[in-house]
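Undergrad: Line by line, the protein sequences are chains A and B. Under this note's numbering, think of the first position of the first sequence as 1, with each following residue one higher. Under this note's numbering, think of the first position of the second sequence as 1, with each following residue one higher.
Any given hint could turn out to be false.
Said to hold, decoys possible - Derived pair list, reagent style SDA-like, types lysine to any residue, alpha-carbon separation capped at 20 Å:
(1) B:Lys101 x A:Lys91
(2) B:Lys101 x B:Gln82
(3) B:Lys101 x A:Gly162
(4) B:Lys101 x A:Asn132
(5) B:Lys101 x A:Thr139
(6) B:Lys252 x B:Asp323
(7) B:Lys351 x B:Met292
(8) A:Lys91 x A:Arg72
(9) A:Lys200 x A:Asn173
(10) A:Lys91 x A:Asp9
(11) B:Lys101 x A:Thr138
(12) B:Lys252 x B:Arg228
(13) B:Lys101 x B:Arg71
(14) B:Lys351 x B:Val207
(15) B:Lys101 x A:Glu123
(16) B:Lys101 x A:Ser124
(17) A:Lys91 x A:Ser124
(18) B:Lys351 x B:Asp203
(19) A:Lys16 x A:Arg135
(20) B:Lys351 x B:Phe225
(21) B:Lys351 x B:Ile290
(22) A:Lys91 x A:Leu134
(23) A:Lys16 x A:Pro133
(24) B:Lys101 x A:Leu134
Honestly, the hints are just simulated from the structure, not real lab data. Keep in mind that this is a model prediction, so the values were computed, not measured.
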Amino acid sequence: MTWTATDSDILLLSLKVAFWSVAGSLPLALAVAWVLARMQFRGKVLFDAIVHLPLVLPPVVIGFALLILFGRNGVIGGALEQWFGLVFAFKWTGAALASAIMGFPLMVRAIRLSLEAIDPRLESAARTLGANPLRVFTTITLPLAFPGLVTGALLSFARSLGEFGATITFVSNIPGETQTLPLAIYNFTQVPGADAEAAKLCIVAVLLSIAALAASEWMNRRARQRTHGHA
Amino acid sequence: MLEVSIRQQLGRFKLDVAFQSNARVIALFGRSGSGKSSVLNAIAGITRPDEGRIGLNGEVFHDTAMRIFARPEARHIGYVFQDGLLFPHLSVERNLFYGAKATQNGIAPDRVINLLGLSSLLTRKPASLSGGEKQRVAIGRALLSTPRLLLLDEPLAALDAPRKAEILQYIELLRDEFRIPIVLVSHAMEEVARLADTLVLMDEGRVVASGSVESLMGRLDLHPFTGRHEAGAIIETVVGAHDEAADITTLKFAGGQLYAPGVASLPGERVRVRIRARDVALALTEPHDISMLNILPGTITALREDAGATMDVQIQLGAGEGDAKLIARITRHSASRLALRPGMRIFALVKAISLDRRSVGYA
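Start from the sequences and build out the full structure, keeping to the hints where you can.
TA: Now the structure itself:
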């Protein structure tokens with residue numbers, strides 16, 4: 001049993017997909033979390049439910065919806081390709097999009113909790129000291145919500161490494177393009193006599209997940225120390 | 001001149017408040033839930049009243065009729081919150097300078113840091129500070145933003161007695177050194193009596209009465225709002241002779257003089273004395289062989305019966321030359337025994353030791 005170049009490609013692709021799914025969805029997740037934490041409006045319950053939908057829907061439904069909307073003939077996919085040359089269908093970018101959507105509720109939830117834990121009067125205090133809303137957000141809100149951002153990003157990252165159903169439905173299982181770790185494992189389980197290969201990748205998946213959770217815990221602890229510890 | 005005239009529906013609570021004053025310290029006094037902090041929030045621009053007008057020295061911050069609303073960051077109003085509300089992720093130094101202006105005409109940072117004794121705290125994080133230290137940093141932070149008005153929301157409520165006395169001194173310093181007008185929210189009459197010039201009495205979102213502290217505290221009808229136990233008059237005095245051996249100071253006012261022990265003020269200084277109604281006794285004739293040092297002649301101007309066994313008697317001190325009033329709380333039994341009635345000449349007796357440091361403050 002050896003580590004091959006193909007294995008490396010699978011691992012790197014998985015990391016690339018996970019990274020871009022987190023990087024791409026973080027700003028939007030922050031905005032949505034802020035709206036849910038700070039604003040009161042009609043239909044907030046419905047909005048909240050829609051944000052949480054990927055958590056409860058069968059992933060295959062999300063994948064199918066993405067196929068319809070973001071396929072090359074889809075309403076959004078067609079427009080994106082025409083205007084920006086951006087293609088999701090059967091590309092690694094599509095895998096990142098599917099992962100981003102599946103991990104979105106986890107990310108929003110973590111950020112929202114950290115925003116709700118901030119005393120809004122701290123922001124008011126900053127305003128009375130002459131800071132405009134943008135400065136308040138960047139110097140008070142964002143730093144105080146930082147632990148939640150880290151937790152959200154790492155949860156979503158870990159979720160992305162495990163994403164299977166929506167990805168395979170939307171972008172299929174193309175080696176070197178969309179075949180991430182879980183998809184490769186699935187492939188090996190379908191081939192007679194490749195159990196060892198599957199097991200090898202499973203161990204990699206377990207190690208990656210543990211590393212992501214450990215990193216989340218470590219960064220959280222550091223952030224807490226920075227905020228509440230002694231100088 | 002601070003002008004406030006606002007109406008605001010806050011859930012089921014209705015705020016309807018109007019007052020104006022050019023006092024150095026305006027105190028908003030009332031029990032918790034009377035709307036004091038809501039008034040501060042409206043002045044600071046943190047909340048937006050439904051209707052009304054807020055202005056300072058001719059500048060309009062908010063006027064619903066003229067459709068003017070200045071954002072809080074444009075008002076230059078320093079707000080010291082009850083619990084300090086320091087930014088937990090920033091050091092004391094970065095907290096202090098968060099709102100500091102680079103301009104030269106601002107308040108000098110070194111002066112603030114020295115006066116408030118903050119130099120040894122600069123590198124600390126707020127979580128490691130004591131309550132009094134937090135409050136001092138919060139005051140310093142507000143001062144360094146060079147405010148035109150300072151709002152203090154129960155700055156002493158979260159502190160123990162020694163820290164209270166300490167912060168009280170710092171607030172007196174603010175009032176006298178920096179000459180920034182202050183709006184103080186409090187539910188402790190002791191603080192109000194010591195610091196404020198104008199008193200705004202609030203109850204259930206409305207202003208019950210407003211005016212000078214002396215005039216309101218001398219009134220009998222406001223005791224339900226100033227607090228029964230705390231009731232008492234305030235007299236503005238000037239420090240006279242000081243008897244070194246006995247450590248007793250004479251405090252003069254139009255209508256008489258008071259003797260108080262341990263007053264650390266110099267002759268000629270203006271000092272405000274609060275005399276609690278429960279510390280005043282009455283006599284029909286001038287007693288001589290008695291330990292009480294303060295025997296003040298005066299005339300009864302009003303009587304007010306309470307629900308219980310006590311009643312309050314308002315006395316105009318002296319021969320009518322000043323307007324210093326005293327309130328005495330005595331039993332109804334004593335009042336009927338002495339047959340007290342308005343217009344009667346009377347002697348008010350006050351133990352000198354009841355005029356301790358807590359009831360004597362710089363005016």
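Undergrad: Taking the hints in turn, state whether each one holds.
TA: Hint check results:
1. B:Lys101 x A:Lys91: This hinted pair is violated, its Cα atoms lying about 53 Å apart.
2. B:Lys101 x B:Gln82: 24 Å, violated
3. B:Lys101 x A:Gly162: 51 Å, violated
4. B:Lys101 x A:Asn132: Holds - the C-alpha atoms of A:Asn132 and B:Lys101 are around 14 Å apart, at most 20 Å.
5. B:Lys101 x A:Thr139: Holds, because 17 Å separates the two Cα atoms, which is no more than 20 Å.
6. B:Lys252 x B:Asp323: Holds. B:Lys252 to B:Asp323 sits at ~13 Å (cutoff 20 Å).
7. B:Lys351 x B:Met292: Holds - the C-alpha atoms of B:Met292 and B:Lys351 are around 5 Å apart, at most 20 Å.
8. A:Lys91 x A:Arg72: Cα-Cα ~11 Å, so holds.
9. A:Lys200 x A:Asn173: 19 Å, holds
10. A:Lys91 x A:Asp9: OK: A:Lys91 and A:Asp9 at ~15 Å, within 20 Å.
11. B:Lys101 x A:Thr138: Holds: B:Lys101 and A:Thr138 sit about 19 Å apart, inside 20 Å.
12. B:Lys252 x B:Arg228: Violated, because 28 Å separates the two Cα atoms, which is more than 20 Å.
13. B:Lys101 x B:Arg71: Holds, at roughly 18 Å.
14. B:Lys351 x B:Val207: 34 Å, violated
15. B:Lys101 x A:Glu123: 19 Å, holds
16. B:Lys101 x A:Ser124: Cα-Cα ~18 Å, so holds.
17. A:Lys91 x A:Ser124: 46 Å, violated
18. B:Lys351 x B:Asp203: 33 Å, violated
19. A:Lys16 x A:Arg135: 33 Å, violated
20. B:Lys351 x B:Phe225: 26 Å, violated
21. B:Lys351 x B:Ile290: 10 Å, holds
22. A:Lys91 x A:Leu134: 37 Å, violated
23. A:Lys16 x A:Pro133: Status violated; Cα separation ~35 Å.
24. B:Lys101 x A:Leu134: Given that 20 Å is the threshold and the Cα spacing comes to 18 Å, the pair holds.
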